[in-house]
Structure formats: C-alpha cells, structure tokens
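Student: Start counting the sequence shown at 255; every next residue gets the next number (the working numbering).
These aren't lab readings, by the way, just hints derived from the structure by calculation. Virtual Cβ for every residue (Gly too), placed ideally from N, Cα, C. Any given hint could turn out to be false.
[To be verified] In silico lysine-lysine, BS3-like type, Cα no more than 27 Å apart, as pairs:
#1 K401 - K435
#2 K415 - K343
#3 K401 - K440
#4 K440 - K332
#5 K332 - K435
#6 K343 - K314
#7 K410 - K435
#8 K379 - K401
#9 K314 - K368
#10 K351 - K314
#11 K343 - K368
#12 K379 - K343
#13 K368 - K440
#14 K351 - K379
#15 K332 - K379
#16 K440 - K379
#17 K401 - K415
#18 K410 - K351
#19 K379 - K314
#20 K314 - K401
#21 K440 - K314
#22 K368 - K351
#23 K415 - K440
#24 K332 - K314
#25 K440 - K410
#26 K410 - K379
#27 K351 - K415
#28 K435 - K379
[Unchecked claim] With beta-carbon atoms standing in for the labels, derived distance ranges:
#29 L406 - S432: 22 to 30 Å
#30 L324 - S414: 29 to 37 Å
#31 F417 - A380: 19 to 27 Å
#32 D366 - I334: 44 to 52 Å
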Amino acid sequence: MDEKLNRRQFFSKSIRSAVGFVSEIVTPALEQERTFIRPPGAQDDELVFLTLCTRCGVCKEVCPVSTIALFTAVEGAKFIGTPYLDPNKTPCTFCNKCIEHCPTNALEHSADGKPEPIGTAEVVKANCLAYQGVMCDHCVRSCPVGKAALSLRGGKPSVSKQFCTGCGACVAGCIQDSNNKGMIVKSYRPPGG
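All chains, full assembly: derive it from the sequences and hints.
Tutor: In structure tokens, the structure reads:
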C-alpha cells in the first residue's frame, strides 16, 4: 500500500466509496419503505423501475384523466422526473395509455393482460358514514371492479384485498369532503417486492 494519492484522487475514491455505501445499504431500505404509488404496469422492483425509466414524461402527457404526476427535486434526486399517482386525489382508469406509450418498458402489461393492483383501498371507519350509522353505499357503487372488490357487509363497506386494484374510484365516490374521506388507497407492495 505504497500508493500515494493526490488530493483529487483521494476525494474521488472517497466519493465512490460513499456512493457505493448508499447504493448497497440505503437504497434497498428506501425501496422497502416506498409509500407512493407508481402508475399501472410499473416494475415491482423499484431499482429496476428507476433504471428503466428515462424520465421522459410521456406517461404523464398521455394520461387522459391527469392522474399521473412527476416527482420534483423536493422528493430527492433519485426520484426527479419519475411518475407517480395519487388515486386518493384522482382515480386511475387503467386505460393503459401510459403502458402503451412507455418507450423503455418501465411500465409494461402483465402477462395475463389484467390490471395489476397499484394500491389497496381501506375503509377509514372514523370517517365512513356507514360506520356512523348512516345508510351509505356510494363507495361500493363507484367501484369499477364490483362486489368482488368492494361490497357491503352488515351495511358497512368491506374491501377484498384479493380483487381491489387500488384505482381510487371508491375514494372519489365517497360523499364525505376531501379531508374526511371514508376510503383511502394505500400503496400496494407485492410479497417480496
């Protein structure tokens, strides 16, 4: 170890070591903690998605209901320009235009052609009118999947995580004001994903 480093070489090696540490230790931890929702067809492995996504913004441009947004610098350099959506604000119709126009397969059709879940709806019992004794089924009637995903049980909404796609139509259908919705969609993470 007689190698002498000048200042530039020392800092260069130090930075490469730090980047290696971040990518090997911190990045996988961040991936597992992901709480945001990617568009339909997004690669399950966040690192693969980030590698494939060129941040071109085409998915956002072709979304007919403006569900897709792009991350800004506020969310961190790793995510800048990558797409996400919030079905709690604007439901996803699963029209698949984002998938069809993705030039790199960061978004791709499932093998069976059926919509892959992007999230899972949950009842917010404290806000749900049905749980307060009011006869209400607006969320159930709004669900495009139907009773397999969202049905009434004892007069109260019940979500089947097996069939819910996380589109957010139930949230939009809820008649409570936007700050007190009786439904919420949370990020779906496949087992081992």
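Student: Next, verify each hint and record whether it holds.
Tutor: Going down the list of hints, with the structure as the test:
no., hint, verdict
1, K401 - K435, "holds (20 Å)"
2, K415 - K343, "holds (20 Å)"
3, K401 - K440, "holds (20 Å)"
4, K440 - K332, "holds (22 Å)"
5, K332 - K435, "violated (31 Å)"
6, K343 - K314, "holds (15 Å)"
7, K410 - K435, "holds (15 Å)"
8, K379 - K401, "holds (19 Å)"
9, K314 - K368, "holds (21 Å)"
10, K351 - K314, "holds (10 Å)"
11, K343 - K368, "holds (23 Å)"
12, K379 - K343, "holds (19 Å)"
13, K368 - K440, "holds (20 Å)"
14, K351 - K379, "violated (34 Å)"
15, K332 - K379, "violated (36 Å)"
16, K440 - K379, "holds (15 Å)"
17, K401 - K415, "holds (12 Å)"
18, K410 - K351, "violated (34 Å)"
19, K379 - K314, "violated (33 Å)"
20, K314 - K401, "violated (30 Å)"
21, K440 - K314, "holds (21 Å)"
22, K368 - K351, "holds (14 Å)"
23, K415 - K440, "holds (11 Å)"
24, K332 - K314, "holds (18 Å)"
25, K440 - K410, "holds (20 Å)"
26, K410 - K379, "holds (9 Å)"
27, K351 - K415, "holds (25 Å)"
28, K435 - K379, "holds (10 Å)"
29, L406 - S432: 22 to 30 Å, "holds (23 Å)"
30, L324 - S414: 29 to 37 Å, "holds (32 Å)"
31, F417 - A380: 19 to 27 Å, "holds (25 Å)"
32, D366 - I334: 44 to 52 Å, "violated (33 Å)"
Violated hints, listed in ascending order, are 5, 14, 15, 18, 19, 20 and 32; each of the other numbered hints is respected by the structure.
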